[in-house]
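Trainee: This is what each chain is made of:
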Amino acid sequence: MNPDLQRTHGGEIRVDLLLIADMIEPGARILDVGCGDGALLRHLARAKEVDGRGIELSQAGVNACVAQGLSVVQGDADTDLVNYPADSFDYVVLSQTLQMVRRPRDVIDQLLRIGRKCVISIPNFGHWKVRWKLGMTGRMPVTEVLDRQWYDTPNAHFCTIKDFVLLCRDLEIRIERRISVDKQGRRMNIVNDGPFANLFAEQGVFVLSRQGND
Amino acid sequence: MSSTQRYDEAVAGADIEVGHTAELGVDAPLTLDCGVDLGPFTVAYQTYGELNEDRSNIILVCHALTGDQFVTGTNPVTGKEGWWPLMVGPGLPFDTDRYLVVCANVLGGCMGTEGPKSIDPRTGSPYGLSFPVITIKDMVRAQAMLLDHLGIEKIFCVSGGSMGGMQALQWAVTYPGRVHAAIPIGSAVHHTAQNIALHEVGRQAIMGDADWRGGDYMSHNTIPKAGLSVARMAAHISYLSEAAMHRKFGRQLQDRDAPSYGFGADFQVESYLRHQGTVFVERFDANSYLYLTRAMDYFDLIKEYNGVLADAFEACPTRFCIISFTGDWLFPTPESRKIVHALNAAAANVSFVEIDSDKGHDAFLLDEPEMFETIRGFLRGAAEHWSGNTP
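Protein sequence lines correspond, in order, to chains P and Y. Each residue of the first sequence is one higher than the last, beginning at 1 in the numbering used here. Each residue of the second sequence is one higher than the last, beginning at 1001 in the numbering used here.
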């Protein structure tokens, strides 16, 4: 399988997915958008007995998921989210996918229309290594988290943690939680908001909800 | 076979052995969509595997246009292997060591279930065109009556390809409480204009054959061989992809080194199609072909739900696994995607897989390991959420 789909390492679920799983209540209805090989859905079904569904763009990923008994459809976050009714899920998860969609802003709107809450993780383009590489070499940075050359990456829209927070403010989205994450996907013991996180977190994980929605 | 072969000779084989039969609609008739009350009527069916104690391990298989109840093993009428031997059997995706697989010949068919070639009790002669027009929903209702008759309330899974997929969809929509899981393969919620057009070519070929005799060929002891054969040939083209056909035949000549400068079967593909046509005539009733193609053309779940397909699946508890094939141009992936979008809109539980195959519409009958893996996994997941004894 395409390594981009793999959400497990040596049979273990990726730690950043575990972090996301921790935020989800048992028995919740969840939609995992860009669910890859279904590792998160599988983990949540086992550990928290959630009613989980998935959307995945790659056919190989979808087939792998369905062959494991997961309810996953082949689809595109940019075009297929509109088909879901409002408030049909407790949580919609978008893990390491926002930067790949064509219209991130519309996708976020859709996620919060479909779900009561939304868990999004993004790679942070504001991390000091990225800034350093771009600043010092004048070339698009290739790091452990952003590990592809510019011409070879599926990523279309990079943002920094600060950019993302500002977009949420523009869209009147409430950020309920934010966690700074290192390159392995582990929680970092740093202040989770402000310039410090934007400089030192390699990834950001956010729990979002609509304002006025309690 | 000569074109003057008598009807009763041609179909004699079909009456020898049709497996199990059930007499249904004895107490109350089946009211068909066309308004006619049908009953009593016969349904012929086969079962594979054993029923478990709490009657919770049933997989209902719905056959396609020219299929029948003989899913696997030797078909006693044709002497050939059943139509889904790779799917149904011990250790196969529809594992007969665990499930009881039931398949009934559809209403309007010609393999023992009531159809245009059955005897009309009012006249003592075959129905012919006086047989009422059948819909996919009528077929499904008849199957439901069969399951009632067999004492089976809930189905673990219903599945079929093409017209069988239409029935699987209709099952989940009409009897949502009875269907735990549904696997429509290479199917659609309605025929496109192109689908209808192709069927119409087949029907016109049959009806244009002088031996069809206005549908009354039985009493004239003729059969519209040429017409039915052409119908089958045209349909067969639509079941294959261009790539599959080219791989199989290319431009190869049949039993000759050079073109004959005539109109014999010079090309292998011609010879193959002629053979398909001839073989088909031996086992299939021409009027049945008219009725069943009509049922597919009339099928329209979108229209049944006033233009909103999602309403068909409102509060439907069935778990769906929709499967399409990249090389299927007769029921292409966008038709399956339409179903998926409607199921999503109804917040139904759906999986959707498009299998990479260039074998055309017929791929669902063939060796497609990814389809088998998908179905095995889907059934495993469905079993985890099944209240009956986990099959």
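Everything labelled a hint here was simulated from the structure, so no lab data went into it. Glycine is no exception: its CB is placed at the ideal position from the N, C-alpha and C atoms. Hints are supplied without guarantee of correctness; some may be wrong.
Example chain P residues on the side facing chain Y (calculated, C-beta under 8 Å, incomplete) [said to hold, decoys possible]: (1) V62; (2) Q68; (3) S71; (4) Q74; (5) N83; (6) Y84.
Trainee: Does each hint fit the structure? Answer for all of them.
Mentor: Status of each hint after checking the structure:
| no. | hint | verdict |
| --- | --- | --- |
| 1 | V62 | holds, 6 Å |
| 2 | Q68 | holds, 5 Å |
| 3 | S71 | holds, 5 Å |
| 4 | Q74 | holds, 5 Å |
| 5 | N83 | holds, 4 Å |
| 6 | Y84 | holds, 5 Å |
Taken one by one, the earlier hints all hold for this structure without exception.
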